[in-house]
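All chains should be modelled from the sequences, with the hints used to inform the complete structure.
Here are the chains, one letter per residue:
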Amino acid sequence: MKKYALKRILLSLFTLLVILLVLFILMQLMPGSPFNDEKLNAEQKANLYAKYGLDQPVIVQFFRYVGHMLTGDFGVSYNISKNTPISQLIQTRLPISIGIGGMAVAIGAIVGLVLGIISAIWHDTFVDTIATIISVIGVSVPSYVFALALSYSFGFRLRWFPMLFTAKQMFSSSVLPSIALSMFTMASIARFTRSEMLEVLGSEYMLLAESKGLSGPALIFRHALRNALIPIITVLAPLIVDLMTGSLVVEKIFAIPGVGSLLVTAIQSNDYNVVIALSFIYSAMYIGIMLIVDILYGIIDPRIRLAKKEGAA
Amino acid sequence: MNAATQASGAPVTETAVFRPDDFKLKNNADEIRVDTNFVSQSFWKEAVIRFRRKKSAVFGLIMILLITLIAIFGPGMNGYTYSGQNLSQKDLAPRVPGIESIGILKGDEKISTTNGTYVVNNYKLKNLSNVYYWFGSDTFGRDIWTRTWSGARVSLIIAVAAAFIDMVIGMSYGLISGYFGGRVDNVMQRILEIANGIPQLVVVTLLLLVLQPGMLTIIFALMLTQWIGMSRIARAEMLKLKEQEFVLASRTLGAGDFFIIFREVLPNIIGPVITQVMFSIPTAIFTEAFLSFVGLGIPVPQCSLGSLISEGFNSFTTHPYQIVPPIIVMSLLMLSFNLVADGLREALDPKLKEM
Chain A
1 MKKYALKRIL LSLFTLLVIL LVLFILMQLM PGSPFNDEKL NAEQKANLYA KYGLDQPVIV
61 QFFRYVGHML TGDFGVSYNI SKNTPISQLI QTRLPISIGI GGMAVAIGAI VGLVLGIISA
121 IWHDTFVDTI ATIISVIGVS VPSYVFALAL SYSFGFRLRW FPMLFTAKQM FSSSVLPSIA
181 LSMFTMASIA RFTRSEMLEV LGSEYMLLAE SKGLSGPALI FRHALRNALI PIITVLAPLI
241 VDLMTGSLVV EKIFAIPGVG SLLVTAIQSN DYNVVIALSF IYSAMYIGIM LIVDILYGII
301 DPRIRLAKKE GAA
Chain B
1 MNAATQASGA PVTETAVFRP DDFKLKNNAD EIRVDTNFVS QSFWKEAVIR FRRKKSAVFG
61 LIMILLITLI AIFGPGMNGY TYSGQNLSQK DLAPRVPGIE SIGILKGDEK ISTTNGTYVV
121 NNYKLKNLSN VYYWFGSDTF GRDIWTRTWS GARVSLIIAV AAAFIDMVIG MSYGLISGYF
181 GGRVDNVMQR ILEIANGIPQ LVVVTLLLLV LQPGMLTIIF ALMLTQWIGM SRIARAEMLK
241 LKEQEFVLAS RTLGAGDFFI IFREVLPNII GPVITQVMFS IPTAIFTEAF LSFVGLGIPV
301 PQCSLGSLIS EGFNSFTTHP YQIVPPIIVM SLLMLSFNLV ADGLREALDP KLKEM
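Chains as they are written, first to last, in the working numbering: chain A, 1 to 313; chain B, 1 to 355.
With a Cα cut of at most 25 Å, we get these calculated DMTMM-like pairs of lysine to aspartate or glutamate:
#1 B:Lys-242 - B:Asp-257
#2 A:Lys-3 - A:Asp-294
#3 B:Lys-55 - A:Asp-128
#4 A:Lys-7 - B:Glu-193
#5 B:Lys-240 - B:Glu-193
#6 A:Lys-7 - B:Asp-185
#7 B:Lys-242 - B:Glu-346
#8 A:Lys-2 - B:Asp-185
#9 B:Lys-54 - A:Glu-199
#10 A:Lys-82 - A:Asp-55
#11 A:Lys-3 - B:Glu-193
Partial chain A-side listing against chain B, Cβ under 10 Å, derived:
#12 Leu-11
#13 Leu-23
#14 Leu-26
#15 Leu-29
#16 Val-136
#17 Tyr-144
#18 Leu-148
#19 Ala-149
#20 Ser-151
#21 Met-163
#22 Thr-245
#23 Leu-248
#24 Asn-270
#25 Leu-278
#26 Ser-279
#27 Ser-283
If you are wondering where the hints come from, they were derived from the structure by calculation, not from laboratory data. Being a predicted model, the structure only gives us computed values, none of them experimental. Where is the CB? At the ideal position from N, CA and C, for every residue including glycine.
Below you can see the structure in the form of structure tokens.
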């Protein structure tokens with residue numbers, strides 16, 4: 001297990017380094033230079049280059065770059081808000097995005113689990129059909145369509161929730177975007193839970209538990225759900241990643257001042273520095289989540305833990 | 001053994017001679033018939049039967065065919081072009097000849113202001129009695145019907161092309177990695193893990209910053225990110241198949257590695273591969289729409305479903321009809337491809353339990 005975890009960590013770090021290298025090369029390939037002001041003469045330009053270390057060999061620049069990125073020094077924004085450090089821009093936005101993302105994961109996981117369990121217990125009934133239709137639609141329809149529909153119906157027509165995000169009503173204005181974001185997670189978890197639960201419910205140890213006299217919630221939660229939950233953790237990681245992508249559009253629709261909308265603005269205004277910094281943050285978060293889930297999975301599932309040990313011995 | 005001792009113990013002295021009337025025909029042509037209950041079917045025939053039994057998959061297939069047909073012929077069905085602007089006829093609500101007489105789609109639109117909600121008909125206000133925009137017109141006076149279907153065409157081309165290229169790349173990668181195993185597999189799988197560690201969002205965003213936005217760039221970006229899933233499936237199938245006798249037989253007959261990979265194993269994994277392609281098409285449609293929404297999509301005046309949704313979003317509270325057609329077409333397309341993929345997975349893999 002330790003060996004496995006170490007291997008995963010090393011691979012993750014290497015991946016991060018590759019990403020940094022790609023980002024660095026991209027920065028080198030970007031057309032133009034940050035100092036394309038016509039008023040600057042050659043000497044002033046050279047001074048500026050020296051100031052920012054752009055006159056040094058590429059390899060030195062790269063390692064300085066890696067150092068800067070890892071310590072959270074992403075440089076300054078060129079277009080969005082001139083000369084503001086990007087870390088400062090991100091600092092206020094990241095908690096908002098993570099908050100909404102977290103809410104979406106929570107809603108998606110809980111509702112998805114409930115839907116999945118219900119349709120597994122009463123499978124091939126009317127309830128199951130409804131749950132299946134909901135989950136098929138949830139998987140197929142992109143989150144921003146839900147976002148638009150929710151914002152139009154509950155925000156614009158019914159006025160139950162604010163259409164646009166306001167910091168004053170933090171909670172009530174997070175409700176609609178969280179629901180819109182959670183749809184895909186919810187649907188995938190519901191589908192997955194259903195098939196896992198069906199498999200577990202048909203197993204022999206469930207028959208044993210039943211013949212011991214257990215029934216109702218104890219049977220479902222203590223015996224069935226526990227075993228069904230393990231594989232569900234594996235789908236959670238890619239789902240969280242999809243959430244990151246979805247958040248870009250959903251944040252734009254609800255005008256949420258999060259990292260997603262910052263990235264969209266940065267792309268549209270060609271603020272390369274911000275795009276690159278956010279790409280790095282997204283990648284780091286992605287790699288981190290994948291790593292945690294992989295290791296967690298190894299810890300939780302005894303079959304994997306034991307298999308790994310046997311393989312190592 | 002028994003029969004032999006008997007035969008030797010009691011040697012046959014007489015040879016039996018058959019006479020013509022010893023046997024006669026039973027004439028039972030009416031009684032015998034081929035068993036139709038458990039008739040043997042070819043794999044594909046059976047797959048088609050299983051697929052047709054799944055209603056949702058058939059529905060999906062019909063929807064895909066229908067949308068594809070309208071995407072091909074729809075833009076030419078009225079006089080408008082996808083880029084033709086007519087600023088004097090902007091923001092007109094849907095109006096369809098024939099249906100307008102029964103009271104719907106006659107060009108009315110609700111306007112909500114601070115003074116309350118009222119219904120206006122811009123066709124009447126502007127004296128356009130002979131003008132029909134079936135899905136309405138947008139803020140530049142372009143026909144939404146034409147734009148929706150040419151957008152669907154662009155989205156479909158991108159999605160299908162990307163899925164096909166992914167299939168070729170991912171399949172070859174996975175098959176080669178699985179077949180050779182050992183060090184080759186190890187190196188190839190590490191490269192794949194690193195590629196998989198980079199979020200698709202980041203790859204696509206960065207690529208489109210460097211390259212010119214356009215159809216080819218989007219296909220290229222999708223190609224770079226979507227092949228991983230396919231290669232995993234191909235590799236897993238290869239690992240299952242490569243120890244089987246038909247591979248050994250082929251090798252014994254002198255077949256080379258690449259002959260075995262592409263001519264012997266490949267035809268046997270076509271089922272899971274097709275299923276995966278069907279699943280990757282909706283992903284491609286979604287990614288394209290997402291890119292357009294972010295502003296990295298098809299350049300104007302060309303349009304795709306994503307860019308239409310993005311344009312409609314700007315006025316979706318005042319003129320909701322502008323965003324509805326592209327959203328419905330895209331959602332239906334993605335839903336249908338998912339349904340068909342689900343059906344195919346069950347049809348092509350009989351071992352899969354009915355779940």
